[in-house]
Amino acid sequence: MNKLYFDYCSSSPLHPYIIDSYIELTKRVYSNASSFHSMGLEANEIVEGSRKDIANLLNVEPEEVYFTSGATESNNLAILGVIRGLADKKLNPHIICTATEHSSVYNCYKKLNDEDNVELTILPVDRNGRISIKLLEKSLKPNTVLVSIMHVNNETGVIQPVEEAGKLIKKSGAYFHVDGVQGFGKIHIDLSNIDLYTLSGHKIGASKGIGLSIIKKNIKFKPLMYGGGQERGVRPGTTNIPSVLSISQASKIALQDREKRYEDLTKINKWVRTVIENIPGIIINSPELEDSSPHILNFSVPGVSSALLISFLEEKGIIASSQSACSSKSNKISRVIWEMTRDHGLSSSSVRLSFHENNTYEEIEFLVSAIRSMTDDIKNRGKFSFLY
Amino acid sequence: MKSIKNFKIGQLISKKSYVTIEGKKIKLMDSRDKILMFMSSHCVKCLKLLPELVKVNTEQRDLYLFFSADSEDCLELKNKLFWEFEVISTTESKIEKDFNVSILPYYILVNDKNIITRLGNVEIVDDLNILS
Numbered sequence: 001m002n003k004l005y006f007d008y009c010s011s012s013p014l015h016p017y018i019i020d021s022y023i024e025l026t027k028r029v030y031s032n033a034s035s036f037h038s039m040g041l042e043a044n045e046i047v048e049g050s051r052k053d054i055a056n057l058l059n060v061e062p063e064e065v066y067f068t069s070g071a072t073e074s075n076n077l078a079i080l081g082v083i084r085g086l087a088d089k090k091l092n093p094h095i096i097c098t099a100t101e102h103s104s105v106y107n108c109y110k111k112l113n114d115e116d117n118v119e120l121t122i123l124p125v126d127r128n129g130r131i132s133i134k135l136l137e138k139s140l141k142p143n144t145v146l147v148s149i150m151h152v153n154n155e156t157g158v159i160q161p162v163e164e165a166g167k168l169i170k171k172s173g174a175y176f177h178v179d180g181v182q183g184f185g186k187i188h189i190d191l192s193n194i195d196l197y198t199l200s201g202h203k204i205g206a207s208k209g210i211g212l213s214i215i216k217k218n219i220k221f222k223p224l225m226y227g228g229g230q231e232r233g234v235r236p237g238t239t240n241i242p243s244v245l246s247i248s249q250a251s252k253i254a255l256q257d258r259e260k261r262y263e264d265l266t267k268i269n270k271w272v273r274t275v276i277e278n279i280p281g282i283i284i285n286s287p288e289l290e291d292s293s294p295h296i297l298n299f300s301v302p303g304v305s306s307a308l309l310i311s312f313l314e315e316k317g318i319i320a321s322s323q324s325a326c327s328s329k330s331n332k333i334s335r336v337i338w339e340m341t342r343d344h345g346l347s348s349s350s351v352r353l354s355f356h357e358n359n360t361y362e363e364i365e366f367l368v369s370a371i372r373s374m375t376d377d378i379k380n381r382g383k384f385s386f387l388y
Numbered sequence: 001m002k003s004i005k006n007f008k009i010g011q012l013i014s015k016k017s018y019v020t021i022e023g024k025k026i027k028l029m030d031s032r033d034k035i036l037m038f039m040s041s042h043c044v045k046c047l048k049l050l051p052e053l054v055k056v057n058t059e060q061r062d063l064y065l066f067f068s069a070d071s072e073d074c075l076e077l078k079n080k081l082f083w084e085f086e087v088i089s090t091t092e093s094k095i096e097k098d099f100n101v102s103i104l105p106y107y108i109l110v111n112d113k114n115i116i117t118r119l120g121n122v123e124i125v126d127d128l129n130i131l132s
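These protein sequence lines are chains A and Y, in that order. Those letters in the first sequence? Residues 1 to 388, by our numbering. Those letters in the second sequence? Residues 1 to 132, by our numbering.
To be clear, the hints were calculated from the coordinates, so they are not data collected in a lab. Note that the structure is a prediction, hence the values are computed from the model and not measured. Fair warning: there could be bad hints in the mix.
Keeping only pairs whose Cα atoms sit at most 30 Å apart, straight-line, the calculated DSSO-like set for lysine-lysine is [claimed, not checked]:
#1 A:LYS222 to A:LYS208
#2 Y:LYS25 to A:LYS316
#3 A:LYS3 to Y:LYS15
#4 Y:LYS97 to A:LYS3
#5 Y:LYS45 to A:LYS111
Covered, in the sense of this in silico footprint (three residues per stretch, anywhere, with C-beta under 8 Å from a C-beta of chain A), are these stretches of chain Y [said to hold, decoys possible]:
#6 52-66
#7 107-117
Glycine included, each C-beta is placed from N, C-alpha and C at the ideal position.
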């Protein structure tokens, strides 16, 4: 049976406009972009051209764009790089992150607190998954050096007020880091008051193994790795040229078509929402669309584990997920849903659907039928019935 | 009793005993070859493997499934999937506490001298063949 994919937040296919140039470049430009011969210079031109294109798209300077292996590295680089840069200059630093950050941010903050004794404030979220700006204001201290707030939550689609937070944080003198992975190309963002910004390639139709770190020029910063001088010493290692071009092309497409994409995704989200909110036993965890991005819809079926629901849906031909793909191996509870609800039933039974703007009427019809059929089977035949 | 952490090949299995979902008391330390399987209803990989457990050869050795779910769920699965091996209803935290196993599905092979001969994660259905 052909299965329909609704896990675009975990990873997306290469954009059709990118595939050809990606393959062509992989075959043709295999030289090292740091080499001084003509083939190396050609490779370097592609990298620097891509850097300039991305800088123009994000309204930053080319020297503020760094290529990494992906969002996990970019987040680690931003957070740990800032702390390393400050460590010998400022004693007793204080850092702030939200309770629902992606694990590549959250675990960096926990590690800094647990192992390096860095003072940490974790900002709680409300029932809609949003932070309070007032609480953020209260949490900022004279020794606060870094604040991380994700733009769009990867499990629920919740949009955080990052522009409002940015103005506040700028006044305080702390650096502001935003994980923009799920918001980019869906929700507008202005980087004026953001010091460090993270993007992932494969979430927006570029290849895997490429990410971006935007690190503003004024940031006191130290690299995490040492080697050659690539990426101006901030991120040494041979540059992945086809992927660099792919993230530049994908970023352009993501921003060019953003409004149309938002409209298409909103139609899909509203349709699925309208159907499933009327199915007994289903509770929608994502807030209303004014507070969340339409490409994500999270729901729970209390009493049935996320793993069972995902397996059930797969048996019905639907590929979905629960938590971030990075943490879905055996975790029982979604930290994100728990922080929003403090409800064990909801947080152990969440499912994340993530849509693509090209999903068709037939695909969405198939999806909602599968969800209906799943809840009927659970009610009438039992929650393990997909196994026999 | 000192709790055993970091189970290793060549080490003696724990002296603990458990009660199956049908009320039978089993001792891990007896004189039979056995496979201890650890799975959970919160683990997608485990759920995929559950129907395959009947393929594990239990003629030469006993199979004990430690399954993180309540007794009612375990009993339903045992009946519907025609399991003839013993099932122990447990929790993931108890599995971690007793066996230091945190990533599931997981197996521990024990010989008739109660010595651990093999252990590790089971990734795909074919991995079960090494147990047969």
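Would you mind confirming whether the straight-line C-alpha gap from Y:LYS25 to A:LYS316 stays at or under 30 Å? Roughly 39 Å separates the two Cα atoms, so the pair is violated.
Given pair status - A:LYS111, Y:LYS45, alpha carbons within 30 Å: 29 Å, holds
Just to be careful, I want the Cα atoms of Y:LYS97 and A:LYS3 compared with a cutoff of 30 Å; is the pair within it? With Cα atoms ~38 Å apart, Y:LYS97 and A:LYS3 exceed 30 Å; violated.
Run the distance test for A:LYS222 versus A:LYS208: straight-line Cα separation, threshold 30 Å. 26 Å, holds
When I compare C-beta atoms, does the stretch 107-117 of chain Y have three or more residues closer than 8 Å to chain A? violated (count 0)
For the stretch 52-66 of chain Y, do three or more residues have a beta carbon lying closer than 8 Å to a beta carbon of chain A? Coverage by chain A is violated here, the residue count being 0 at a Cβ distance below 8 Å.
Is A:LYS3 within 30 Å of Y:LYS15, Cα to Cα? The hint is violated at about 47 Å.
Checked against the numbered hints above, the structure violates hints 2, 3, 4, 6 and 7; every other hint is satisfied.
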